[in-house]
Amino acid sequence: MKLTRVRIENFGPFNGSHELDLTVTANAPVILVHGENERGKTSLANAIRWCLYKQAVGRNSIHIPTVRLLNTDARLGGQYNLSVTLEFEHAGARFILERHAQADRAPSDDRDFQFRCSMRKNGSFEPEAGIDRSINEILHPQISRFFLFDGEMLNDYEDLLRNPHQRTLIVKQSIEQILGLPSIQRSITGLAELKRNAERSQLSEARARRDNERLIVSAQQKEELVSALEKDIQRQQEIKADLENERNQFRQKMETFGEIKADLREMDRCEREVKQADEDAATLMGEIQAIVKESWWLPLEKAIAAKADEAQTLAQRAAEASALRERLTREIAEVDRTVLEQMCGLCGHHVSAEEIDALSAKRAVAQSQLDKLGPEIQAAKHFETMSLLRPFAGKAVHQFLREKEGALRRAGIKKRQLKTEIEQIKERVRTDNRAEIGQVERDLEKCLGQLRDSERILSETQDRLNEADAALQRLQAQIRRLPSANKALATQAALYDALREIFDSAVEEFRQRLRVDVEREASEIHKALSAEPGYGGLKINEQFGLSLVNDRGRIITDRSAGSEQIVALSLIGALNRCATREGPIIMDTPFGRLDRRHRHNILKFAPHFGAQVVLLVQSGELERDRDLADLAPHVAREYRVERDGASDRSRITEITS
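Numbering-wise (my numbering), the sequence shown opens with residue 92 and increments by one.
Rather than coming from a laboratory, the hints here were simulated on the basis of the structure.
Cross-link-like lysine to any residue pairs, in silico, SDA-like; alpha carbons within 25 Å at most:
(1) K331 with S545
(2) K384 with D371
(3) K506 with A372
Across the chosen pairs, the derived CB separations fall in these ranges:
(4) A353 with E189: 42 to 52 Å
(5) I548 with I647: 33 to 43 Å
(6) E362 with T95: 56 to 66 Å
(7) R533 with S199: 28 to 38 Å
(8) N118 with M345: 43 to 53 Å
(9) I548 with E228: 31 to 41 Å
(10) S292 with A319: 18 to 28 Å
(11) A184 with A319: 46 to 56 Å
(12) A184 with Q569: 49 to 59 Å
(13) K93 with K145: 20 to 30 Å
(14) R533 with T511: 25 to 35 Å
(15) I647 with R543: 24 to 34 Å
(16) Q603 with Q569: 27 to 37 Å
(17) R533 with E127: 33 to 43 Å
Quick caveat, the model's predicted, so the values are computed rather than measured. Where a beta carbon is used, it is the ideal one built from N, C-alpha and C, also for glycine.
Go ahead and model the full structure; you've got the sequences and the hints to work with.
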């Protein structure tokens, strides 16, 4: 299948009619559609999906009803119709598929629409009753997810691949999906039912003949048990599907609360900090009161400081005078001794008359200085006064008090700023948002618990069914061996069972072949996409366990988020290549958290993903002037989805240069 043209009318943000030529060539198989978030790229992918399968999906794989796909401007203008037309080629034939939805009045749900679908093959209309079957044969919905996928699907695969159990399950289920054998699978189910009918007929005849009543009663009880368990499983599967849909709706609602939750978290932070500011202010006020209470002398602080400074000056002067008095007294005594003994006290030589005269003159000068000092002053008294007054005259208490008062003012300013922030947030957030978010979170948690219970009950019921069915098969075998058993019915049951086993074996053999093919293709794609050397590729064992191995064949257990995404993209690409149907690959926002090197590798490899590759990208993923060097020769067409006047209205323009 290869798309050649798509026309949309009043679909999503696209008011009126819009058209894209999707024709590609073998050398240029890529279509690029640029557009910022919320412009309508995903609506283009959904338009193709809706036209093919009458389905559109939103985040978390939630089904989007058609009434929500109708363009807002069209609705306001009284136009209650939307349509999508796909032109495509498949197996050498040209097809035109049209799907319309029309309402006579403003629709409130899908029941208000009249749906119409038509398909032409090489110009001839196909019977409407057979259109869905024809589409399924071209590209079955079961495998379309590997052709129409987005960044969310990549994230889902990435998350699943982190869990070893889920990793095995998702690989096995995905390979089963791309088998593309719904007819064979329906045949297996039909053969099992035919066998069951033959065995029931055998049981009815044996009961009518009253053969071995004990055996018949046991078989009948087991059959009733099997039937009841099958109904229980069907009911539990419906419950599980409803819970999964409910879970997805809760998750989607939680996503809409994203900004509100961020605001509420910020308001909680502000309120905590206001409370802390109040506590800090109370502490500071207590400390200030204690300082003031203990520092009763603060009004006299300047007078006390002056007295303390005076005592310090007098103490210093007394100490200096005392030292000078001691030195002069010692010099006079030394001169008196030398003159008396007429001999030098240091070297012992005789002192002459001239030297005695000089010493006498020196003594007179020292005595004069000593006389001028006056009476001796006690320095200790002044030092004691200074020591008593200094604790009351220092700047430490005043400085400490000023610091505490400054901290108190800052706490008050911060509190006012926080209260302003809280008021601004309250203007953005309704007062009941917090309660509503809390209720949704509790509802989601409750739903997840119910879903876990449902999965457990389903697993336990399946085990009971397997056990009861095995017991029933043993009883049915005994009934077939009864002498009066209907040989024709026994042969029919055995034939249907043998055919079912043949079909099962064929599917299992095909599954294992595909496992090897998927491993080979995934490894090839991974080597092309990975920006890091040393990877040997992906390994899928016979139990469908998936591993990333290095170039020496050793399993790599520690993988980065970017590496996980490359593994997921490699697996999806391999499943696409190995699918039993061929179709266009439409990737919506495929680059996610990948760095520039990995994006470069993906763009370089894009032409090799398939015969037709449509990339829906936004500027955060791909900058046209910077990133298209390698891809440009393989791009058949480029389009841009851009705002058309209003935030909820878009248009599509082709980029020609």
